[in-house]
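Asker: Residues per chain are reported as follows:
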Amino acid sequence: MAIDTGPAPTTVPEPPPGAPPKDLVMHLWRGDASGGRFQEYRVAPQEGEVVLDVVHRIQATQAPDLAVRWNCKAGKCGSCSAEINGRPALMCMTRMSTLPTDQPVTVSPMRAFPIMRDLVTDVSYNFEVAKLIPAFKPGPRDPDGLRRMAQVDIDRGQEFHKCIECFLCQNVCHVIRDHEENKPRYAGPRFFVRLAELEMHPLDTLDRRNYIREDMGIGLCNITKCCTEVCPEDIHITDNAIIPLKERIVDAHYDPVAWLGRKITGRPVPLAAAEARKHTGAAHAQPAAPATPEPGDIA
Amino acid sequence: MSVIEEVPLPGPRPQPIPVRIGAPRAGPPRAVVLRKDPWWAQPLITGLGLAAFVVYATWAAFRNGHYFVGLDQARNYLSPFYSPCLASNCPSAVRWGPITPANSGFSPALIILVFPLAFRLTCYYYRKTYYRAFWLSPPACAVADAGSTSAKPNGLRKRYTGETRFPLVLQNIHRYTWYFTFIFAVLLTYDAIEGFRFPGGVGMGVGTLILVANAVLIWAYQLGCHACRHMSGGSLKKLSKAPARRWIWTNLTTPLNKHHQLFAWLSLMSIVVSDLYIYLVSSGAFSDPRIF
Ligand code: SF4
Ligand code: SF4
Ligand code: FES
Ligand code: FES
Chain A
1 MAIDTGPAPT
11 TVPEPPPGAP
21 PKDLVMHLWR
31 GDASGGRFQE
41 YRVAPQEGEV
51 VLDVVHRIQA
61 TQAPDLAVRW
71 NCKAGKCGSC
81 SAEINGRPAL
91 MCMTRMSTLP
101 TDQPVTVSPM
111 RAFPIMRDLV
121 TDVSYNFEVA
131 KLIPAFKPGP
141 RDPDGLRRMA
151 QVDIDRGQEF
161 HKCIECFLCQ
171 NVCHVIRDHE
181 ENKPRYAGPR
191 FFVRLAELEM
201 HPLDTLDRRN
211 YIREDMGIGL
221 CNITKCCTEV
231 CPEDIHITDN
241 AIIPLKERIV
251 DAHYDPVAWL
261 GRKITGRPVP
271 LAAAEARKHT
281 GAAHAQPAAP
291 ATPEPGDIA
Chain B
1 MSVIEEVPLP
11 GPRPQPIPVR
21 IGAPRAGPPR
31 AVVLRKDPWW
41 AQPLITGLGL
51 AAFVVYATWA
61 AFRNGHYFVG
71 LDQARNYLSP
81 FYSPCLASNC
91 PSAVRWGPIT
101 PANSGFSPAL
111 IILVFPLAFR
121 LTCYYYRKTY
131 YRAFWLSPPA
141 CAVADAGSTS
151 AKPNGLRKRY
161 TGETRFPLVL
171 QNIHRYTWYF
181 TFIFAVLLTY
191 DAIEGFRFPG
201 GVGMGVGTLI
211 LVANAVLIWA
221 YQLGCHACRH
231 MSGGSLKKLS
241 KAPARRWIWT
251 NLTTPLNKHH
261 QLFAWLSLMS
271 IVVSDLYIYL
281 VSSGAFSDPR
291 IF
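Residue numbers (the working numbering), protein chains in the order written: chain A, 1 to 299; chain B, 1 to 292.
In case anyone wonders, no lab produced these hints; they're calculated from the structure. Bear in mind that the values here come from a model prediction, so they are computed numbers and not experimental data. A portion of the hints provided could be inaccurate.
Said to hold, decoys possible - Cut-off 20 angstroms, straight-line C-alpha distance, at most; resulting in silico cross-link-like pairs (DMTMM-like, lysine to aspartate or glutamate): (1) A:Lys73 <-> A:Glu165; (2) B:Lys237 <-> A:Asp23; (3) B:Lys237 <-> A:Glu159; (4) B:Lys241 <-> A:Glu40; (5) B:Lys128 <-> A:Glu229; (6) A:Lys22 <-> A:Glu49; (7) B:Lys237 <-> A:Asp155; (8) B:Lys238 <-> A:Glu40; (9) B:Lys238 <-> A:Glu229; (10) B:Lys258 <-> A:Asp234; (11) B:Lys241 <-> A:Asp153; (12) B:Lys158 <-> A:Glu181; (13) B:Lys258 <-> A:Asp32; (14) B:Lys237 <-> A:Asp207; (15) B:Lys241 <-> A:Asp204; (16) B:Lys238 <-> A:Asp204; (17) B:Lys237 <-> A:Asp142; (18) B:Lys36 <-> A:Glu165; (19) A:Lys73 <-> A:Glu40; (20) B:Lys238 <-> A:Asp251; (21) B:Lys36 <-> A:Asp102; (22) B:Lys36 <-> A:Glu229; (23) B:Lys152 <-> A:Glu181; (24) A:Lys76 <-> A:Glu229.
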């Protein structure tokens with residue numbers, strides 16, 4: 001695959017005094033599965049813009065075939081994830097005024113995922129993981145037919161509800177970004193957030209700990225916190241989701257005293273991964289029909 | 001989507017996530033660093049900080065001398081590197097030994113330091129720091145792992161296995177190192193209190209203040225530990241059913257945990273400052289100013 005990383009960074013000359021403000025120099029990734037390169041575009045800056053505005057203006061005036069995914073322009077749909085000057089971020093929530101404009105601004109697609117076209121990637125890996133999360137399993141109802149939970153017990157989960165599924169954390173996680181062969185056995189930070197939410201839910205009764213260790217591959221995470229650094233919803237993914245899960249897995253699997261305690265007191269042993277697996281979407285999957293290519297499919 | 005293979009039937013464990021590997025990836029190759037900010041500064045500074053501590057600690061541990069300011073200098077200070085004092089020539093007030101004889105070539109610090117060393121090596125925060133700074137795995141976010149390119153996907157390593165294999169799977173014993181260092185936090189608190197012992201009664205010198213600050217920072221680090229946060233209440237599904245643990249989790253371990261990184265560095269520095277101060281006073285470089 002021919003890959004050209006585009007023109008070398010140039011310095012944009014200062015405009016003479018009194019002249020209109022100098023143009024923004026944008027390097028947008030253009031390409032598909034057969035290869036790609038950064039393409040340079042120059043546009044006049046406007047007050048108060050975000051990166052997505054500039055990309056849209058380039059699309060409207062210079063590159064009508066530019067592929068870019070977006071929906072809300074409000075940081076809530078999680079569609080416009082990209083890498084801006086190399087930092088994973090939402091295009092609609094990154095103000096141009098926060099970027100140095102004396103150099104070109106690069107916008108590239110999320111590099112952990114397969115390319116579809118230009119800035120659009122195929123994030124279906126994440127949807128496959130989502131099907132494998134063992135579902136919420138509440139216990140029996142109270143005698144009056146209701147279920148009750150205390151506010152303090154659901155407070156912890158509120159943070160995790162903020163996730164917009166932008167998959168920036170999945171993109172930046174080096175476990176799959178730099179070691180793609182781990183994808184089939186690694187859920188990734190977004191799904192550790194989901195699993196933590198379920199494991200901490202006061203009404204949930206399913207024990208997913210062995211499953212998280214064996215199938216979701218949490219041991220591959222080395223808590224280097226890049227997911228936390230890029231999360232646009234400011235979820236403390238590593239401190240509040242991943243590490244609490246790792247500690248739960250120590251309880252279930254690595255702590256000899258906890259093991260001995262269970263032996264002595266007869267407390268239930270951690271649920272086998274195979275049992276938790278029965279509560280996932282994969283357990284209900286039918287054999288797939290032979291794939292018929294759809295228009296727009298790649299490969 | 002044809003880039004996804006057909007969903008395999010539930011089979012023997014663990015069931016792989018059905019995703020096709022090796023499709024052309026988006027954007028330039030990962031080895032190309034697109035970040036324009038000084039992303040290398042953080043791993044460099046923290047790496048140098050840790051290396052400086054290792055150098056100092058090695059010197060301090062093998063020094064085997066000048067680790068207390070005794071009653072002959074009208075003070076009662078013991079260096080945290082040598083606490084509990086196992087040697088027979090310890091100042092009487094803080095002596096726990098004699099386990100190692102006076103003037104023996106073997107430094108008692110070498111026995112003592114195993115525990116805090118294991119604690120800090122397996123600490124979630126230090127793990128992050130040294131995986132980034134020394135393992136370069138990854139050196140910074142969206143910067144590829146050491147040497148990994150599309151041609152050499154795992155860089156310097158055969159395979160990336162994270163914390164799933166020996167020796168890194170041993171990081172899971174972190175809570176056991178916490179149990180041991182809890183005892184050390186108590187001992188350092190005792191040393192700080194002993195620092196108020198002056199000939200003929202209670203007093204306070206600059207060294208006393210340093211030892212008290214050290215004990216406070218050690219506790220802030222100890223109680224903000226992620227394993228401690230988990231044990232204090234984080235493990236519960238229903239905090240509402242355990243009011244005491246809920247109080248500790250909400251008001252003590254969680255707030256301290258938020259600043260665990262800060263206390264990891266401050267307590268590391270306070271250990272060095274305490275030891276260095278005691279070394280300098282003990283070796284006669286200057287005398288400890290008395291406050292009252
Ligand atoms: S902390 Fe773990 S999950 Fe998050 S980016 Fe790092 S390795 Fe991935
Ligand atoms: S956890 Fe944060 S970064 Fe990850 S998908 Fe959700 S919102 Fe995006
Ligand atoms: S367009 Fe919806 S998050 Fe950016
Ligand atoms: S001491 Fe840092 S996490 Fe335990």
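Asker: Are the Cα atoms of B:Lys258 and A:Asp234 separated by 20 angstroms or less?
Answerer: holds, 14 angstroms
Asker: Between B:Lys237 and A:Asp142, is the straight-line Cα distance small enough, at 20 angstroms or below?
Answerer: holds, 18 angstroms
Asker: With a cut-off of 20 angstroms on the C-alpha distance, tell me whether B:Lys237 and A:Asp207 pass.
Answerer: It holds: about 11 angstroms lies between the C-alpha atoms, which stays within 20 angstroms.
Asker: Quick one, are A:Lys76 and A:Glu229 close enough, alpha carbons at most 20 angstroms?
Answerer: holds, 18 angstroms
Asker: Does the structure keep B:Lys128 and A:Glu229 at a Cα separation of 20 angstroms or less?
Answerer: The hint holds at about 13 angstroms.
Asker: Take a quick look at whether B:Lys241 and A:Asp153 sit within 20 angstroms of each other, Cα to Cα.
Answerer: holds, 9 angstroms
Asker: For a C-alpha distance cap of 20 angstroms, please report whether B:Lys237 and A:Asp155 respect it.
Answerer: holds, 11 angstroms
Asker: Given the proposed pairing of B:Lys238 with A:Glu40, does the C-alpha separation stay at or below 20 angstroms?
Answerer: With Cα atoms ~55 angstroms apart, B:Lys238 and A:Glu40 exceed 20 angstroms; violated.
Asker: Given the hint that B:Lys258 pairs with A:Asp32, test it: the Cα-Cα distance must not exceed 20 angstroms.
Answerer: violated, 43 angstroms
Asker: Would you mind confirming whether the straight-line C-alpha gap from B:Lys36 to A:Glu229 stays at or under 20 angstroms?
Answerer: holds, 16 angstroms
Asker: Is it true that the CA of A:Lys22 sits at most 20 angstroms from the CA of A:Glu49?
Answerer: With a Cα-Cα distance of about 15 angstroms, the restraint between A:Lys22 and A:Glu49 holds, given a limit of 20 angstroms.
Asker: For A:Lys73 and A:Glu40, compute the direct alpha-carbon distance and say whether it is at most 20 angstroms.
Answerer: violated, 24 angstroms
The structure is inconsistent with the numbered hints 2, 4, 8, 9, 13, 18, 19, although it conforms to all the rest.
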